[in-house]
Every structure is written in structure tokens, then in C-alpha cells.
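2 protein chains.
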Amino acid sequence: MKKHNFGAGPSILPQEVFEQSAQACVDYNGIGLSILEISHRSKEFLDILDETISLTKELLNIPQGYQVLLVQGGGNMQFDMVPYNILNENETADFVETDLWSVRAEEEARLYGKTNIVASSKEANFNFIPKNFTVDEDAAYLHLTSNNTIYGTEFLEDKTYPVPVVCDMSSDIFSRPVDISKYHLIYAGAQKNLGCSGITLVIIKDAWLGRSNRPKSKMWDYSIYAKNNSLYNTPPVFTIYTCLLTLRWLKKLGGLAEMEKRNIAKSTLLYKEIDRNTLFKGHAVPEDRSRMNINFIAHNPEHETAFLEFVKKYNIHGIKGYRTVGGFRASCYNAMPIEGVQILVNAMQEFEKVNS
Amino acid sequence: MKKHNFGAGPSILPQEVFEQSAQACVDYNGIGLSILEISHRSKEFLDILDETISLTKELLNIPQGYQVLLVQGGGNMQFDMVPYNILNENETADFVETDLWSVRAEEEARLYGKTNIVASSKEANFNFIPKNFTVDEDAAYLHLTSNNTIYGTEFLEDKTYPVPVVCDMSSDIFSRPVDISKYHLIYAGAQKNLGCSGITLVIIKDAWLGRSNRPKSKMWDYSIYAKNNSLYNTPPVFTIYTCLLTLRWLKKLGGLAEMEKRNIAKSTLLYKEIDRNTLFKGHAVPEDRSRMNINFIAHNPEHETAFLEFVKKYNIHGIKGYRTVGGFRASCYNAMPIEGVQILVNAMQEFEKVNS
Chain P
1 MKKHNFGAGP
11 SILPQEVFEQ
21 SAQACVDYNG
31 IGLSILEISH
41 RSKEFLDILD
51 ETISLTKELL
61 NIPQGYQVLL
71 VQGGGNMQFD
81 MVPYNILNEN
91 ETADFVETDL
101 WSVRAEEEAR
111 LYGKTNIVAS
121 SKEANFNFIP
131 KNFTVDEDAA
141 YLHLTSNNTI
151 YGTEFLEDKT
161 YPVPVVCDMS
171 SDIFSRPVDI
181 SKYHLIYAGA
191 QKNLGCSGIT
201 LVIIKDAWLG
211 RSNRPKSKMW
221 DYSIYAKNNS
231 LYNTPPVFTI
241 YTCLLTLRWL
251 KKLGGLAEME
261 KRNIAKSTLL
271 YKEIDRNTLF
281 KGHAVPEDRS
291 RMNINFIAHN
301 PEHETAFLEF
311 VKKYNIHGIK
321 GYRTVGGFRA
331 SCYNAMPIEG
341 VQILVNAMQE
351 FEKVNS
Chain R
357 MKKHNFGAGP
367 SILPQEVFEQ
377 SAQACVDYNG
387 IGLSILEISH
397 RSKEFLDILD
407 ETISLTKELL
417 NIPQGYQVLL
427 VQGGGNMQFD
437 MVPYNILNEN
447 ETADFVETDL
457 WSVRAEEEAR
467 LYGKTNIVAS
477 SKEANFNFIP
487 KNFTVDEDAA
497 YLHLTSNNTI
507 YGTEFLEDKT
517 YPVPVVCDMS
527 SDIFSRPVDI
537 SKYHLIYAGA
547 QKNLGCSGIT
557 LVIIKDAWLG
567 RSNRPKSKMW
577 DYSIYAKNNS
587 LYNTPPVFTI
597 YTCLLTLRWL
607 KKLGGLAEME
617 KRNIAKSTLL
627 YKEIDRNTLF
637 KGHAVPEDRS
647 RMNINFIAHN
657 PEHETAFLEF
667 VKKYNIHGIK
677 GYRTVGGFRA
687 SCYNAMPIEG
697 VQILVNAMQE
707 FEKVNS
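Those protein sequences? They're chains P and R, same order as listed. Its first residue numbered 1, the first sequence is counted upward by one per residue in this note's numbering. Its first residue numbered 357, the second sequence is counted upward by one per residue in this note's numbering.
Extracted from the complex, chain P is given alone in its bound form (with noise of 0.2 Å):
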């Protein structure tokens, strides 16, 4: 019997892409080819990645100046990648540190230039969004996180800085309608709400490519992929292929406005829930809450056991929280239909029940 799979990533995608990935692994198309087989300069791939990107850009509403790449190594690559690519020696770059991603972000990027950390709620276990804080003019850019897995919190805006901004959107990308016109370089690893681990999509504006002044090895020049349609080397064929079926399914439901009316409904049913039970509180302020990771402890330490054993008839998987807030996280994202967490409700309902 199929699990209600909360998992914060690698984790649950939609039904009809395990279904039609596992067809693909079979044939293809009716090609006579497994998708496991087919080369990366085969008709049949140069098709799935041109829909992929062509998809990626009308779903996001990408406007004119921006190229989308696939590079392979995750959100952490890219911790890398950009500053390699962005930053130049001299010059600086200012993070807002929202979780431990931000955090080792930040002390990569010192690798390749200076590094300022203009605001940060790590003080309060990472549990609010830092608002108000100054950028420095002269920065080369401003790094954000945009939604904070492990800590439940989300930038819900997308507002304008004075300097250009870098956002990892890794775990809310294609949950709401984005204005990418506020970015110059957005990434995001696959494994949330785009396909499965092993790709990384990243969106850069045109005028920002070559802008470090540093010699760059091929594989991590945003140039070369750029240049190369992202098939300088071979790519992850399978992976690229659960991406494109995902992004179907997105566009098939109405796209992002009403993936995002959805995850709405599902993170306000949650919140409700947590709110009202006695047994539970949540560990986001709530003007800051995360719609894609819903994060939550118990009052009574003892619960916290108790209840991820009692889940446990009701099917559900992947609750337990990050060690760092303890506690359960319950991950909405985009393919958790709103029954997986209606069910998730049901069994607070009775837990509480049960120990009141």
C-alpha cells in the first residue's frame, strides 16, 4: 500500500511520473529502447530536454534575458559554482542566513571573494524570516534561501534589493508564481518539486555570464553550459526525463497559480491543525511559515515518540523532524495532495484523543 510520503527530499513526487518513469525503463516510447540506454545525442533526448527547458520557462514565466542550465552536483555545487562564476576577489558578497544551507553557502563562497552576513536568525534557532536588515551598495549580490527546509520558515515575496540577488530556491521552486525579473541567478537541486536527485536547475540572466575575471575549469563555467545547450558533457538522462514528466503534470493542473492556491490549502489545514491541538505547537512564527515544510513539536517530550509510532497505522512516512528543531516535519510539497495531509490532521485528532 502506497505510503503518505512526507519526507523533506529526496520525496514524493506525482503518482503518474513513478508510473510513466517505469515505463520508460521498460521502452521508451515504443522506441525498443530503454530510457537508460538512449544517448544523450539521440533525437529522443535533444526532445526531452528542449521540453524541459521550454517548460521550465513558460511554468515560470522566465521573461527574455535569462538562460536555464542543468548541472549536475546539487544545491551544494552551486554554493560553489556562483561565487566562482559571480564573485570576483575584491569584491563582496552579503548573505541572509536562514538555515544551515545559507550557513554553508556563506562559507563557501569565502573561497572566492569576501563575504558578509548582513542579517541572520540564528539566534532563534533560524524559527523567522530576518526583515528590514541593510545591504551593502557596493555588494556584488545579495544571497537568499528562500524556503528553509530544516527550519520551516519562507520568503513568500519577491522584493527588490539595491544590489542583484541569488536565490536558492531548492525546496519551493514551482510552488507559487515567481517574479524572476527580482533575481539574477536563481538555483534549485531537483529533488523537491522538480524531479528526482541528480539535477540542478539553474536560471541566470544573460548579462551575467563570464562576470568573474577568474580562469574556470569547463564543468563549472555557467558559460560552457550556456553555450552548449547544457550538453557539454553527458548528462543525467533519466533524471532530466522524471523532471519533464513532472513539469507536465504542473502545467496539466493549471500551473504555479494554482499550485500555489493548493499548497495554500494544504499548508493552512496543517497550521489550523497545529494550532488548535493541545498536544502541539509550531516552531515557525507564523507570519513566517513555510507552505512546502511544516515543522512542529510536542509539548510533552514524550509525545514526540509516541507519535511518530502512532502514525504509523495511518500509513504515513517521513515526519520525524530535523535533529536540530526535534519534534516532526510534515513536507507539502507540490505532489502531497491535500487527503495525504487531511489524513495527517486526522491522526492529531486522534492522538490528542487518546492522551488528553
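Keep in mind that the hints were calculated from the coordinates and are not lab data. Careful: at least some of the hints might be erroneous.
As the list claims (entries may be wrong) - Just a sample of chain P residues kept apart from chain R, beta carbon distances all over 12 Å, derived: (1) Asp80; (2) Pro177; (3) Arg248; (4) Ile264; (5) Thr324; (6) Glu339.
Unchecked claim - Per the computed footprint, the stretches of chain P lying under chain R, defined by three or more beta-carbons under 8 Å from a beta-carbon of chain R, are: (7) 15 to 25; (8) 123 to 129; (9) 158 to 166; (10) 218 to 227; (11) 233 to 241; (12) 315 to 321.
Glycine included, C-beta positions come from ideal geometry on N, C-alpha and C.
Add chain R to chain P, keeping to what the hints say.
Chain R alone, transformed into the frame defined by chain P:
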């Protein structure tokens, strides 16, 4: 109907790997989750990773004192990571140029230290493996490409050299028993004999971890992979699973000694026909012929298009040669059964009858 896939890569994998991968996309091992949605920290994936690494060690008979790492980015990424991790700025790496990939490896290494091409078969369109070349005794290492996918030549012996040896085994790893002790570092993109595209195997001597003294970014530092069991960041879960399935198949068949026998039988069958057939001739010199990529051309240039058309009725796929060689390339990786090679031989014989 399943095609006989002679493509150079991403390439044929065992039929049971296609089927087991498909099953896992729908439900991995009956756990109620797809392989595409399981966490890289789950027990299920940790077991996959452990078995992949231990089967790699077992099948390749890797001695004590080596690390087996799994890295994203393919062989191209290793063209940079090897010198970045090993070569200091004032040191020299020696290269034997046997194809376009060795050329790329040498070019990238220039960013990190000095390079020296000690031998090359470029003038002969890479149709042989240079022998009796002299290696600088003070070189940090010698870089070889054991199998040359484009030109169809192969180093079939593991020789001793006066300096540590780095070897790109992307297209012939697991095709024969290898004396790992002759190498300090071996790398291989998965997408020929190991699994689907998206992961690279790196085998490195413990003593070489941290060799170069430059400050390193985490995702490019072999030590980080070694310390974290290749789990510092989210690895491509599904891709690694296809490797495991392929390694299990390899072990079941009898391991690398058996595989070498089969590869000798297949390549002998095809080279014999190339040498016998009045319409075709081989590209590589006989003593350096690859067992993996078998290149041949038509004496009559008009037969090139005609033969590509002719083989379609045999359901033969992917034998067009690379543009710098022309003609045909039949890649006979581990998963290609001798029956497939026999069908190609039949097609060549039939074509000769029709066209003589």
C-alpha cells in the same frame, strides 16, 4: 521489439536491470514508496550504497588502502577534480594522448599545474596506443585513458610506471580483471558498464587524499567524499541503484574473469568478420584493438550510408561512427550479448553478398 543497442553511451544495460529499475520506480522492494522518493538518509538507500561500494570492491578485487567514491559530473568533472586534488601548481602531470578525452583531460589540468604530453597517436588519427614512451620521473602522476571510445583502441595491460598512475576507465571498467594496485587513482563515468548516466566511480589511494595543498571547495574535495561515505550532499539515488543492479548481475554471471571471456569472444567474432569481409576494414591497428568499441569503415564510401540503412531491418541500433573517424562503431559493452554481435555479423555478410 527490443533493439540491438550498439550505441557508445549512455548505452545498453542488462535487460533485468531495466526491468528491476522499472519495478523500483513504482514500488521499491514492497515498502510502499518509489525509489524516486526515498531519502538518501533512509535505511533503504544506505543499504543500496553500501552494497554498491562493497560489490565494486569485491568484483574489482580492490586491495586495502583505497577509497571508493561516488561523485556527480561524469568523466569531464574528473578532468578537473583530479588535478585540483592531486597536482600542486609547481608540479607536472604527464599525459598519454590517445583520444579527444585525453586531450580534454590535459587541457583542464593546465589550470592547476604544469602538463606534459609524453606520447600521442594524434598524427595517426589515434589508431594505436603509444608504447615505449618515457615518463618524467619527477612527474606527480601519469594520466592514461584505458579505452578510447571514439577510436576503438585499448590498453589491455596494467603496467608499472616510474610514477603514480591515474587512469580514466570510463568505457572499459568492469570489462576485465584489473590490477588496481598499479594505479593511484581510477575514475569512470557510470554510463557504459556500470549504470545509467549521472554518477562517476572514483577509486583513490588513501595516501593521495588531501595531496594537493590548495584550499578546496567541499564538492570538489575527494576527502569530503571519503569522510562522508559519498553522502556529504544528496546523491543521485536512482542512478546509484541502477549501478547496484548491474553489479549484482555481473556477480551472478561470474564476475570479471567470466566477463573478460565473453568480451574476448564477442570482439573476436566481430573483428574476424571485419578482417574477412571484402567491403570493410578496421580503424585501429590489430594489436591495440578495443574489445569495447569496435570501429570499422567501408572501403567504398557509398557503402557507409547504405550499410546504416541496411542494418535497420536487423533491428540494429547505434552503429554510426563518430564524425572524426566516420564509418561504423559497434560498442560491445558487457551487457551486449554475443547473439547481438552475431546478428551484426550476419548483416555484414548479407550486405557483402548483395553488394559484391
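Practice task
Could you tell me which of the hints above the structure violates, numbers in ascending order?
Solution key: The structure breaks hints 1, 8, 9; every other hint is satisfied.
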